[in-house]
Structure formats: C-alpha cells, structure tokens
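Protein chains in written order, with the numbering used here: chain A, 1 to 509; chain B, 1001 to 1507.
Everything labelled a hint here was simulated from the structure, so no lab data went into it. Backbone N, C-alpha and C define an ideal beta-carbon position, used for all residues, glycine too. Check the hints yourself; a few may be wrong.
Derived DSS-like pairs: lysine-lysine, alpha-carbon spacing no greater than 25 Å straight-line [unchecked claim]: (1) Lys1437/B x Lys241/A; (2) Lys437/A x Lys1346/B; (3) Lys261/A x Lys1437/B; (4) Lys1361/B x Lys1460/B; (5) Lys241/A x Lys1460/B; (6) Lys1075/B x Lys1101/B; (7) Lys1350/B x Lys241/A; (8) Lys1346/B x Lys261/A; (9) Lys1361/B x Lys1075/B.
Derived DEER-like restraints, expressed as beta-carbon distance ranges [stated by the list, open to error]: (10) Asp489/A x Glu1144/B: 27 to 35 Å; (11) Val1138/B x Gln72/A: 30 to 38 Å; (12) Ser476/A x Gly1477/B: 42 to 50 Å; (13) Ser1271/B x Gly177/A: 40 to 48 Å; (14) Ser302/A x Glu1144/B: 30 to 38 Å; (15) Arg1216/B x Arg293/A: 56 to 64 Å; (16) Ser302/A x Lys1194/B: 23 to 31 Å; (17) Gly469/A x Arg1216/B: 27 to 35 Å; (18) Gln1371/B x Gly177/A: 35 to 43 Å; (19) Gly1447/B x Pro289/A: 49 to 57 Å; (20) Gly177/A x Gly1301/B: 15 to 23 Å; (21) Ala1295/B x Asp232/A: 41 to 49 Å; (22) Gln1371/B x Ala235/A: 50 to 58 Å; (23) Gly428/A x Asp1209/B: 24 to 32 Å.
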Amino acid sequence: MAITRRQFITRTGLTAGTVLGTGVFGHPLVRRAMAATSNKYTIVLFLDGGNDGLNTISPIDNGSGTLRTDYQAARRTGGGGIRLNPPANGGDLTNLLPIGTDPNTGAQIGMHPGFRGILDGVQGPGDPGFGGLYQLFLDGHVAVVQGCGYPDYNLSHEESRKIWQTANPLYSGAIAGTGWVGRFLAHPSQGYTGSDIPAINIQDSIAAEFRQFTTSVVAATRLEDFTFPIDDPFADDEQAKRDAFTALYGFASGSGALKLKLIGDSGTATYDSTTLFPTANTAYENERPAFYRNGYDQIDRSVARDLREIAKVIYAQEKGTPISGIMARYFQLSNGGYDTHSDQGSNQTDGQHFGLHAEVGASLKHFFDDLGNIDAGLPARTVVLIYSEFSRRIEQNDNGTDHGSQGPMFVIGGKVRGGIYGQHPNIGDTDDQGNTKYLQSGPGDPYLVDYRSTDFRDVYGTILTKWLGMDPPVVSADILPIDSGSASDFWTFANFDLKRSDGGTLFLP
Amino acid sequence: MGESTLLDRAQARHLLRRSGFGADERVVTRWLAQGFTRGDGADELVAFKPNAFKPAGNDQFRQHNNWLKYMLKAKSGLNEKLTLFWHDHFATAFSKVFDTKLMGKQNQFIRKNCKGSMLALVKGINTDPAMMEFLDTVRNHKLERPNENYGRELQELFTLGVFDLNGKRNYSDQHDVFQVARAFTGWDYGRSYKPEFHDYDHDFTDEFDGDPEEDRGPKVIYKASLPDYPNGFGGYGAGGVSYIDQGEGAIEIDRVTEIIFGHTHVDPWDSSVHNTVARRTARRLLEYFAHDGFANVDPTGPSALRTVIDEVISNSSFATTWSIQDLVREILVHDEFYASLSDPTKKSVKWPTDFVVSTMKTLGVKFLGSQAVVPGGPYMSVFTHLENMGQTVFDPPSVFGWDWEAAWISSQTLLARYLFAENVASAEGAGALNPGKLVDLALTDPGDIVDAVTDLAGIKDDLSTNERNAFISYLGGPVNLEDYQERRRKLYGLIGLVLQSPAYQVH
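Okay, chain A solo, but in the shape it has when bound:
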C-alpha cells in the first residue's frame, strides 16, 4: 500500500511546523513515494462546443484521392463561405499552413492559418506567443492525430463530452461515474490517496475526466483568490478554529460514506491549498514579471490567463522551497466558443474560428516559452493534449457548421515526435446525417482499412503507457476497457502505441 503524505509525515516524525517551514515535499524520499510518474506535467485542454476539425486540419490537395475536391464541394467561398485556401508561394499568413501528407491518400495536409497566433497583442516577432502552434509544429513538437472519434457517435454536446471525458462510449457500468484521468490518478500504482493534490482544474468545478473518489483534485480559477475566510475582529481565535476545521475534515476523510469522504478530502485539500496557492502566486508574480506582464497579459485571452495559473503551479514545484507542498502534475483547462453554427468565418483574422485558433496558438507558444525559461528541460517534461467533444458537419450551412463526428486531436510537448498520425476521414462518403463514418479494422494492421478512424482511446492509451509509463495490460484492465462488438464498427483492438506512417512513435525515447 502506498504511503500517504500524512502517514509519511507521521512515520518520519516530521512535525507540521517542519512541513510548512522547510518544504518537506521537496525531499527526494517523499517525491519518490508520492509521484510514481516523476516530474512530468500533463495538461488537458478541452475545446468546448465542438471544434470544426475539417477547418482545423484540412486537405490542401487530392493526392491519390479526392479529399480536396470533396472539401471544396462542402466548404464554399463567397459570402458566408468558410473555405480555406492552399498556401500561396512564400510564407503567407492567411492560407493553410502545410504540415505533411495524409498517410492514406498522400494528400497534402494543412493547419488553419489562425494557428500562427495573430491577435491584437501579437503581431510580429518579439511579441509573446508569436508564431503560435504552427511554430511549435515547425520545431517538431506537435503531433496531429487525424480522424479521432468513437463508435455510435452522439451529437449532444453534453453526452458526447461525457463520452470523451469518461472514455466510456458504451456506458459500461464498471467505470461509470469516473473520468479517464481520474481512474489513472486513483489507480494504486500512482500512490495518491486522501487529500493529496495530484491535479488542478483551472475552473470552478472538477472536470468529468478527473472524477474519482480516491484522491483530491482541486478546482481553482485564480490562485490569488484562494484564501481561507477569516473572522477579522477575532483573529486571535483563528488558530483554534483552524485546528477544529482540519480535525473535522480529517474525520470526514476517514468516513466510509463516499460523499462524506469526498467532502473531507476536498475540504482538506482546499484548506492546504489556501496556505500554498497565494504563496505560489506571489512568487511567480514577483520573480517572473517579463512572462507575467508582458507575456500572458499582452496576449490577453482566457487560454493564456488559464495557462498562466498552471505555469505558476509548475514554477512553484520546480523552485521547491518554500512552496513545494504543491505537487500537482495533472491539469485541465478549457476554452469555449467552438459551437460555430453561424458566422464561423474562413481566413479573415477577425473571423470567429480564426480567433479561437489564434488564441490557442499564441497562448500555447508563450506557455512553452515560459516553461523553457524556467528550466530548459521543462518543455520535454510537459505534454498538452487537446480535444473537443465532436467535430462538425462536413457540409457547411449558410455561414457556419452543425454538429458532426470525427475530428483531430493534438499532442504537444518537447518529447512529442511531431507530424501526422492517423488517417484523414473520408469526407466524400458521409452517412445519412452528413457526418464521416467511424471505421475500424481488425487486430494487427492499423492501416488495413482506408480512411480508418483513430479511436480517441488509442490516443489516451498511448499517453498513459508511453508517456506516463503505465503497463498496457493495466490500462486495458482498469483505465480504458475495450468495446464489445464487431471489429469494424467498434474499438475492439487497443493500439496504445500510435505511430506515424514511417513508424515513428508518438514520443521520442
């Protein structure tokens, strides 16, 4: 059985005063006991509303197939048209940005021009985040996984989001009520218990992918506001109240009733965080003004501001004392506005979809710059996973797109082998709702079927096994159980080692 933080303190005879004063969690023994996955950071970014995958990663030409022709038939030009154009000669900023070829059709594939990160505050070299996600791609750190989906797709935002977050499309009772990251955090192999805080969500509630009942995930929008309420006129009574509070929450943590235990763990973690987060916040603000003020503030978008909170927590952990009580390795943030039923826009910099991609692009670029400045090795210890609950209808409507099925995912980090993974969906052969089909093949050859979909669980599984080092059979048994059903329509063959068509693995050795 894993040692909890409290047990460790008790067993090693360290007092609470020692803990707060000198940062015992920085002690190598504690780190080894607590963090089986060492000092890697994993961040999940959710694009809320259903990101239009076909205008995120688009065909530039036909290759040996008809992808570009089909694209042009579905996405028109002119008033309300949302078509993106092939790159002109030289480095233009408003056309598709080439990223390689589709392994199935050989078509040239491009990234939405918004990913260069052009925003009001980001106009040229020297501005924070300039070059955006595309620059990260050119640097070799962005994997684009095409055609990600799941069987029997659902077009309800909430249902589909729940499916991605729980990784449970067929509503299996065995893993109901928990999220895929949550099952990982709660797994005995990770050693987290009770009021440990392995994960932080930058929002006011716990994201469904982090739900579990074993350890504590903290939801916090801004670290600086994370303070425990004090009755000011009677500050001399404060310690007695704090002692009673922590005792009561400690008892609740030991409750056999799940909800009381959850409240006990969350309350304890919250209380601990209130003593740590404001310190972490101040340290970052004081010590990294260039990245704080001239960086995230200048980009001035919510993704940038949320990533900054994550950067503060990572900085606190990297710098150790006196705020090393924070041990969060897993983060979640989200960005809204992707439900582009109308006024989606094409390549205009003030277009809706363009702005969203620019925001994500510039914010991530600056975030990785910040990490690299904290420690040159830090980007290689960080992975960002981007997903959305679904993609959008292949054929556009008047000036936007309706709900659809498969879309791309992104995996970004210094250890990520950039490039194209998975096959582009067949946009020329849609189902009777006008959405691309979920296609799988039998075990063995992932490219056995043309236009094969990548099940999103293969991406999760590759991260869990190849990045976080969990044994594949454990992932299959406890985190991502496979579907039952026919091999062509369901995810019956888990591929937890995604590779490019040239055999390159998702993560560098």
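Put chain B on the given structure of chain A with help from the hints.
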C-alpha cells in the same frame, strides 16, 4: 413502516428540511403534539396552493435575487423546491434566452403547475416562449433541415431519457429525433408571448413526400429503425406509431407528447412492462428529495432502486394520472426518504440554493437592500455567493441543468460555502442573526453549547464523539454567553464552524 409511522422529532425535522428550507420549530411542535404520522405530515405539505409569484427584474442579477428573496419568505417551501426541481429539469438559461420577461413567465408557469399533471406540464413547456428560444423551436423551419434541438431534448431530458433502467435505448437518436423535430416546425410566439402556429412554416407530411432529394418519410416514430431493436421502441411494435393520426399542426405536438407518455419498456427477467416516463421521473424526484445512495442498477435482475421506484409509482398511480403531487407524497412517506437519518451512505449533498436559504432561515438572517446582500464579511450579493458555489438560478450551465451530488463539491465551491458561512455567522447589525433567539444564553458548559448549536443546524445526531469533541475543544472551556465579547468570539465562531463542517454540507 410507511405512511402510518408516527413522526418523531428527528423525522419531522427531516421531512420539513428536505421538502422545504429549514425546519420551523413551531410546525415540529404542533405535529408532535398532534401525533402526526408521516402520511399526515406529507399530506399537509403537498396540500399547498401553488403561488403565482413571477420573479421580475430588468436584468439577470435582479431577477435571480428576487427569486432567492422569495424562496426565503415563501409560505410553502415545497412549492419553491418543486419549482427549482422543474427549473433544473426543463433547464432554460438566460444566457441564451436573454429576456428576463420570458424567463420570469416560464418560472411562474412552472410554479403554478409544479405539482399538477406532468403531462400538462410538458405540453405547456412545449410552447413556452423561453423554451422555444432556448431550444431553437423558433428557429425550426420547414424549408431547412429541421432544427433537432427541441426534438432531441424533449425525449432525452424532459421525458424518456436516453436509456431505460435496463440500459436499452428508448428511441433512435437519428430517426426519432428528426421526426419529432418535424412536428415542432412552424411554432413561434407573438407580442403578448402567446404561442403561435404558422401553417406556412410547418413541415406537413405530403410536402416532402416522394421528392427524391428530400423525402422525409411518413411521420412515424419508435419503429424498428436499428438492427438491435427489431421490435421498435416504446412498445409500439416494429411499425412504430404515427403522431398525426389525429391531425397535423397544433394537434400534432400534443399527440407526440401523449405517445411519449405512453412509451413502455420491459424488464427482461420477468417480462413486466413499465412506463418509461413514469420510472425516469420517479427516479429523479426520488434522488432529488431523498438520495441517490443505491447500488448501481443491475440490468439483469431486481434491485432496491427499481423496487422503490415501482412502489412510489404504483402507490400514487403516477403512470396513469401523472399527478406530481401524489407522486411526491408517496416519496415523502417512503422509508427510503428517511434512510439518511441513520445511514450516512444515503446522505445527499445540499444544493447551493438550499445551503444558502436554509441557513439564513434557520439563523434568522435577512437579505439587505435591493442587491440582496448577505450580511457579514464583504457584504456580497447572494448572486455572487451562489455563483461562486456553482448555482446561478435562471442560468443553468446547459440544457442538462446542474450536476447534482458530488459535482457540487470542489475546492472552489467549498471555499464559497466557507466564506458564506463565515459571513453570516460573524455579521452584526442589520439582517444579522440574534444569538438569544437561537441558543439559551444561560448555557456555559461547552458540551451543552455544542449540542445546542449542532441541533439547531440539524447535524447533532450525525456527529461522532470525535467530531463533537472537535467542536468542544474549539470552545476551549466554559463560555459565558451572557458576556458580549465571549459570545461574539466563541458562539459566533462555533456557528461559523458548524456551517463549514462536512456534516452540514449534506442532509
């Protein structure tokens, strides 16, 4: 057991707290003096005359606060709890509707119909202007592909649910959603907010029939349209059921609703037939008023949850009368409703609105001014308090309403609860609590004081010796409550601590 069980003090207070906000000591005393049974208590509670209150306000902030103020003073707490339940069930958000008049009108409609016929309630919601805005019925036109938003949620959220208790689909996600969406084309509302039907914008059966580009097929639902469901859906057979057998147009949407309410499913192990809407609604009301602490439903055999659901339906005849009042009454007398008094695994996390309103009512704390400010600390509006706790009425996060139970709990929302508790417990002056009315100020023994305060908060019987001792050691010894300074320091401090404690977050 059941309705003839005599109410003791703990049960009487539980019944009042769960059906309303806080337990009025005068009612408890009267019930006990008159020897009330569970049935007597429930009968008195469900007999309220629905109020026609309409929360007004030129902006979202004021409208929100006006409802909260009304919750605090409403004669029937159950009237408000049911209105809140249906507001969550038919979740409609200001952030899309963008019109407080429409939101207020819907809220009034729900309040007036919250305990009547559920069939009538759903029929009313079908053409409620705020709902028509929220789920795009006003944007559901004949000449485009029908907007599926309302057709989907009517089945998925308001009535059937995606799956029945056996984990089988209740309808086809593609065929039935689309066909029901067709029925709702052509609806709008006029200047006086009365629903209007426009023939010219309605998708009549014959209009697209035979057009190879656009054949929308016969207006039939719940037929065998998926290979896994050869007998169709809802007990209507492989051929399904026509929803225009009584005519098209205005008649059509009522007929769709009636077909949905006639939808049945079969428990495979004993071939018993069950009404799908009745079971799902009973389950949600049971989870709302009692708890969700049942083991996962085993799809292959009987389970405690099924038994309770089927009992409250059959005792109330809900599946034939659709009387919400009768169904709620049967829940309020059921053993499971009282289970959390002795079983901590059957506790339910308090909704933020319940946490706030019950606390204020119990302590006698009042909102201040037009901003509905909560006394104490930074004197924040109740809007801000509740927003931080994760529940803004009139603006649920999505059409799914709020996530209940464990989802109410996060660090961010717990901090908001702690702040509210600290504020109301430490406030003095206008709107603040009056300690002499809550606790006997002659008490000095720390154990007695802790018992008095935890009893007031309704958690005394839930505490272990250790937990009780934690409160006692906070007091640190005898306290002279008659002394202003000591009272301010320790009694107010204790009240705040009790409101912040784990036990007080559940009921």
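Outcome of the hint check:
1. Lys1437/B x Lys241/A: Holds. Lys1437/B to Lys241/A sits at ~24 Å (cutoff 25 Å).
2. Lys437/A x Lys1346/B: At roughly 43 Å apart (the allowed maximum being 25 Å), Lys1346/B and Lys437/A break the hint.
3. Lys261/A x Lys1437/B: Violated, at roughly 34 Å.
4. Lys1361/B x Lys1460/B: 18 Å, holds
5. Lys241/A x Lys1460/B: 19 Å, holds
6. Lys1075/B x Lys1101/B: Holds - the C-alpha atoms of Lys1101/B and Lys1075/B are around 24 Å apart, at most 25 Å.
7. Lys1350/B x Lys241/A: 23 Å, holds
8. Lys1346/B x Lys261/A: OK: Lys1346/B and Lys261/A at ~13 Å, within 25 Å.
9. Lys1361/B x Lys1075/B: This hinted pair holds, its Cα atoms lying about 12 Å apart.
10. Asp489/A x Glu1144/B: 27 to 35 Å: Given a distance of about 31 Å, which is inside 27 to 35 Å, the answer is holds.
11. Val1138/B x Gln72/A: 30 to 38 Å: 33 Å, holds
12. Ser476/A x Gly1477/B: 42 to 50 Å: Because 59 Å falls outside the window, the suggested range is violated.
13. Ser1271/B x Gly177/A: 40 to 48 Å: 30 Å, violated
14. Ser302/A x Glu1144/B: 30 to 38 Å: 33 Å, holds
15. Arg1216/B x Arg293/A: 56 to 64 Å: 58 Å, holds
16. Ser302/A x Lys1194/B: 23 to 31 Å: 41 Å, violated
17. Gly469/A x Arg1216/B: 27 to 35 Å: 53 Å, violated
18. Gln1371/B x Gly177/A: 35 to 43 Å: With a Cβ separation near 39 Å, Gln1371/B and Gly177/A satisfy 35 to 43 Å, so the hint holds.
19. Gly1447/B x Pro289/A: 49 to 57 Å: For Pro289/A against Gly1447/B, whose Cβ atoms are near 54 Å apart, the range 49 to 57 Å holds.
20. Gly177/A x Gly1301/B: 15 to 23 Å: 21 Å, holds
21. Ala1295/B x Asp232/A: 41 to 49 Å: 47 Å, holds
22. Gln1371/B x Ala235/A: 50 to 58 Å: 28 Å Cβ-Cβ, so the 50 to 58 Å window is violated.
23. Gly428/A x Asp1209/B: 24 to 32 Å: Holds, at about 29 Å.
Going through the hint list in order, the structure does not satisfy hints 2, 3, 12, 13, 16, 17, 22.
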